[in-house]
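K.L.:
Just so you know, the sequences run in chain order A and B.
Quick note on our numbering: the first sequence kicks off at -2 and runs consecutively.
Quick note on our numbering: the second sequence kicks off at -8 and runs consecutively.
Just so you know, these hints were derived from the structure itself, not from any lab.
Each hint should be verified, as a subset may be incorrect.
Unchecked claim - When the alpha-carbon atoms are kept at most 25 Å apart in a straight line, the in silico SDA-like pairs for lysine to any residue are as follows:
no., chain 1, residue 1, chain 2, residue 2
1, A, Lys209, B, Ile147
2, A, Lys3, A, Leu182
3, A, Lys209, B, Arg146
What the hints assert, rightly or not - Listing some non-contacts, in silico: residues in chain B with all C-beta distances to chain A over 12 Å:
no., residue
4, Arg3
5, Gly124
6, Thr158
7, Leu191
Said to hold, decoys possible - Coverage of chain B stretches by chain A, computed from C-beta distances (three or more under 8 Å per stretch; other residues unrestricted):
no., stretch
8, 33 to 40
9, 94 to 101
Here a beta-carbon is modelled for each residue, glycine too, at the ideal position from N, C-alpha and C.
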Amino acid sequence: MSSYVKAAAGAVVLMLLAAGAIFLYAPTDALQGPVQRIFYLHVSSAVAAFGCFAVVLIGGVIYLRNESVTADRFARAGALVGVLFTTVTLVMGMLWAKPVWGSFWAWDARLTSTLVLWIIYAGYLLVRRLAEPGRQAARLAAVVGIFGFIDVPVVYYSVTWWRTQHPGPVIVSNALPPEMLSTFLFTMACTVALAAVMIVIRYRIETLLDTKQTSTEPAKVLASREPSGLAGRAR
Amino acid sequence: MNPVRVAFAVTRKDIRSEWRTREMVPALAQFVVLALVIANFGFQIDSRNAPSIAPGILWMALVFAGLVAFGRTFAAEREQASLEAVLMTPASPVAIFAGKAMAATILLVVCEAVMLPAMSLFFGTPFSAAVVGAVLLATIGMAALGCMFAAIVARIRARELLLPLLTLPLWIPFVIAGGQAVQSAMGLSGGYDNAMALLLDFDILFVVLTSLAARFVLDE
């Protein structure tokens, strides 16, 4: 069994343990009932997404400084996993909002800025897909990733800066009973571990894709010489 | 080479080429007037609901006109491969970028000079210094961001697809603050000074960040 399979299995076990804590250990909310249990994964995946986008930021800065291919691959992996976790945050938030607020969506600052975050990094992934792979694409994407990170503190502080329908911070303001807090912290640790494992695996995939790219380079050059070739059609 | 003089030289060159061809400004002006006409049919605007609808139309038209304007700044250079030649000179890329951003800003301001009077003519909204100030303040930051992303996508195949996708999310702060400022200038409640201060903050943030990034975007 390769170390990647082991790491993935470990992450799955951790997430199952977190599910156990959420459904069996944590107490039911007095006001909202069982639907409040969405909270644990909803907030944890937001934290994991912020972490992934921090990887994109750091990878981009390192790439612009010394053109390290490793940093760029980590940035690519971080963006993909980050978009995934932002999607989880948004979808779980909507599922929670429907019974509690009466509608799936409200245009308040927290929800809007999170949606913008999703769009920014989905745009990052599109840049990676549409630009010719190589130095140029990596530099441009690094700039996009660095600019996109501006929205992360905006999402985090939006509930403090504006009056929002979305509740304010409950963790740092100590509003949770101890069982809920420990369940949340455990779920958050498991989710961040899952995100880290996903980034490492995606990093491996990006490495393999890069080697495939370079090994097929001569074939591409040949194709571009024919007018109807692969490169001719791509223009 | 003095970077300020380089920037102004690039701006002068862009404005002169626009003056000789006269294609962008008439097209953009026609575009924003058309946007007003279409909005009129979509919303059934009268003097009662104009203050609440007009700011939204203003920002929609401005945002899409801006996308066209900033997309064109680097498109012309790309078609004639003249950007590479300019970058080969010892002039700093930041100065070249600033020059192109200034030229695009001037073009957009000219098209705003058509849109704002047309708006007050058609919808009866006030054409006041407060509205003009908010629009101009937002234009600065939007131009910095728009030109940076236009420079980025100029080298990418699907540039027309990508420019709005990358630019619009980062323009949202300007639309939020600018929208609030124009709404309160047109008679709706809301803090005008707060929104203007926020616009100024965004301008400073994005002008500084784009000047830092310009070296990486244009270099090659």
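K.L.:
Hint by hint, say whether it matches the structure.
P.N.:
To see whether the hints hold, each was checked on the structure:
no. : hint                   : in the structure
1   : Lys209/A with Ile147/B : 22 Å, holds
2   : Lys3/A with Leu182/A   : 24 Å, holds
3   : Lys209/A with Arg146/B : 23 Å, holds
4   : Arg3                   : 27 Å, holds
5   : Gly124                 : 23 Å, holds
6   : Thr158                 : 9 Å, violated
7   : Leu191                 : 16 Å, holds
8   : 33 to 40               : violated (count 0)
9   : 94 to 101              : violated (count 0)
Checked against the numbered hints above, the structure violates hints 6, 8, 9; every other hint is satisfied.
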